[in-house]
Amino acid sequence: MDVQRGAGDVVTLDDLMTQARSLSEDIDFTAVTQWKARAEGRKAIGHMPTYVPRELIHASGMLSVGITGGGDRLEIIRGDAYFQSYICRIPRSTIELALSHRLDVLDGMLFPSICDVIRNLSGMWSMIFPDRYVHYVDVPQNFDVAVGGKFWRRELETLRTDFARLSGVAIDDDALRASIAVYNENRHVIRDLYRARSERPWIFPMSEVYYILRAGNVLPPEEHTAMLREYLVLAPGESDRRDQDRSRVVLAGMFCEQPPHGLVLTLERAGCYVVDDDFLLGLRWLQDDVTTTGDPLDALVDAYLNHSAMSASRYAPDGDRGRWLIDSVARNRAEGVIFAAPSFCDPALLDQPMLVTALDRKGIPHTEFKYAEDTGQFAVIREQAGTFSDSIRLWSEA
Amino acid sequence: MSAVRKEDSMLLQKQMMSDHYDRLASAHDEGRKVVYTFVPGNLNELVRSFGLLPVLPEINALQSGLRKKSGEYIAEAEKNGHSEDVCTYVKCDIGMLKKGNIGPTGTQLPKPDLLLLSYTGCFTFLKWFELLREEYGDVPVAMLHVPYQANGRIEPHQRDYVVQQMRTEVIPKLEQVSGRAYDEDRLREMLRLSARAEDDLVWTLESAKRTPSPIDAYFGGVHYIGPIFSAFRGTQGAVDYYTALRAEVQERLDAGQGPVTPEGPMGTEKYRLVVEGPPNWTSFREFWKMFYDEGAVFVASTYTKVGGLYDRGFRHDPDHPLETLADYCLGCYTNLGLPTRVDLLEQYINDYNADGFLVNSVKSCNSFSVGQLMMLRQLEERTGVPGVFIENDLVDPRYFSAANIKNRIESYLQMLDQKRGKAA
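If you're matching them up, the sequences are chains G and W in order. In this text, residue positions in the first sequence follow the working numbering: the first is 1, and each later residue adds one. In this text, residue positions in the second sequence follow the working numbering: the first is 1001, and each later residue adds one.
It cannot be assumed that every hint is accurate.
Here are the simulated lysine-lysine pairs, DSS-like style, with alpha carbons at most 25 Å apart [stated by the list, open to error]:
1. K1099/W / K1033/W
2. K1079/W / K362/G
3. K1173/W / K150/G
4. K1079/W / K370/G
5. K1098/W / K1111/W
6. K362/G / K1098/W
These stretches of chain W come out as covered by chain G in the derived footprint (C-beta under 8 Å, 3 or more residues) [what the hints assert, rightly or not]:
7. 1118-1130
8. 1153-1161
9. 1165-1179
Computed footprint of chain G on chain W, listed as stretches where at least three residues anywhere in the stretch have a Cβ under 8 Å from a Cβ of chain G [unchecked claim]:
10. 1080-1092
11. 1371-1378
Derived by calculation from the structure, the hints in this document are not laboratory data. Cβ atoms here follow ideal geometry from the backbone N, Cα and C, with glycine treated the same way.
Sequences and hints are given; from them, build the entire structure.
Dropping the structure here:
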């Protein structure tokens, strides 16, 4: 199976995965450098995980670049000098990326309100790089449009002004609506992929989906959408992919510091089909299309207030903390949940007892372990996940 | 160690706290309602203006640490699935609840009638009250999101956002729980009392600019902030306490005396230090002794600003009641961006004529701790004053390594001596 790309180029799944993997693992951000070099005056804005309004960056003609730390391919030399041993790994590897000049390609950096670590990292960034654009993106925790919505609109206006100044391109409403449409399309195809994976996880293994999604950190959204579409066509064409006797699980806790690919493979090899997850959540934070008519800032406000993904960093006003997870288990016909949280991740680890309680009430099996983005030994995790998977398959009441 | 010496103001405060916990113990029997809330960004005047009693879980946790109860509470929480990696204040509180919710003075703490989630300067607050909501089941929550001051200045739309939340979220829920209507005149009167107490608190803290300092602004300072940071801001009791405290400090100032330690008046002041970060509570007295035995006194601290940054000029303003409460919340120390925090520490080092500074980095508190190593380097570069970095925890006794900490402090003070010797 292959697909035709542009001027007669034929692409196979191997080609696509090689490209996606290369984009995912390139800690030198070569793709960003190349994108900037294609036209005079292009700029790129980095952002830490979870939600930032990427549509505004796109509408100003700049590239939005997701920064998810250095993964397992970066030796930390200077980054450790900035953080105590009890701080998670993503800030230290992100600082390492910056101090080793790998992030010089960025013209600004956004720090969404995930937790106190990323929040304080914004201040560190502004002290280390006083001449660079740094902005802490303080999303509302009040979801009344007249209160939190008003505040968030004002924050978006600030970003709109800032991005226009940085790029030299005024962001008019038409341009912003067009960018919203571009990201709607991207999120739409990601939702297609998640649905397809849930239906036939043996066709769309997590070990591939992970690379395909992560490539979206550095690609323009239009190119990422094209890559997702190619993958949706190519993966089903692999004749050797057959349903196996594996457990269907949902993964939770990976919304910020990303797991190493080896961990993803380990879960698959331990007998798990991952049918839903919360990694790279920022790419699909908005769970429905954003309106492309009317005032585009109001549309973004409405989308954030009413159509956001649930995450540990977002207040749950209705008190039903575990509902999204229960819903995911039901929707994806999952048989259990694996909590995989980064060590020292306050949001994920403080959230976990509440999610565990919610699962216990429903009798849904679960297991828990921690990781770091550079975890290299997977034997214990494989044993634990394998035992969990076996127990579900062999003794589940379902 | 010898028997602890207490100043009159400490005894007064002890009585205030004891009376407060007694009132809490009988609150529900007497038909009074209680509101749980946090120290940074607390709306004490507003809560009390409805006749409601505040409960501050951080205060309970630190008191449990002082009374050597926190270790068993934390173990209880971990046994119930809470990670060893996360905030020990939260685990201490959850553990205390699981073990019957007996407060620090030995009396029963009432179940909350409202959780006032003032999300100010600490992400963990959000999760903490979500966890308590799970534990207590049917308790309403009033969420107050206080935007972060990344640039160290309050933007008008941030103030409006906080005020709007008070009008649409906090006050309606306080009215519902209390059965009383919002009474702005009563609130103004309480804010007037707050400002009076704040004047005397600032005077007390700034008395440390004198040499010798009549106070220890850290180990003594945590006592001085007690009433105003907890349940008493906006009350006549707090005004009376700070009047008494001021008179007490004035006496020592007039007599040229230093701070009073748990073992009596401190000897000659040899080192003047500034400190960033909260203290350890489980070995509080032992930790303090490591300094006063060496003649080291803390002349300024950032921890005593987590419940309000009054020494930079802020006072509660009765003429703009909700706006002033918003400004108060926005300006609490841990709600400020790191550059602003470094600026403040630099001013303290200069204004208080410090010989050195300590960063007491606690594992539990990422809000304080993330960036402190960088703050240390920045401050040394800017001021030329050497700093020392110590790691421990708030209330988890497993993280207080007395011998290591003592060694480090002694070496640091020796280094300050050598530096002085060279300068001379």
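Violations among the numbered hints: none
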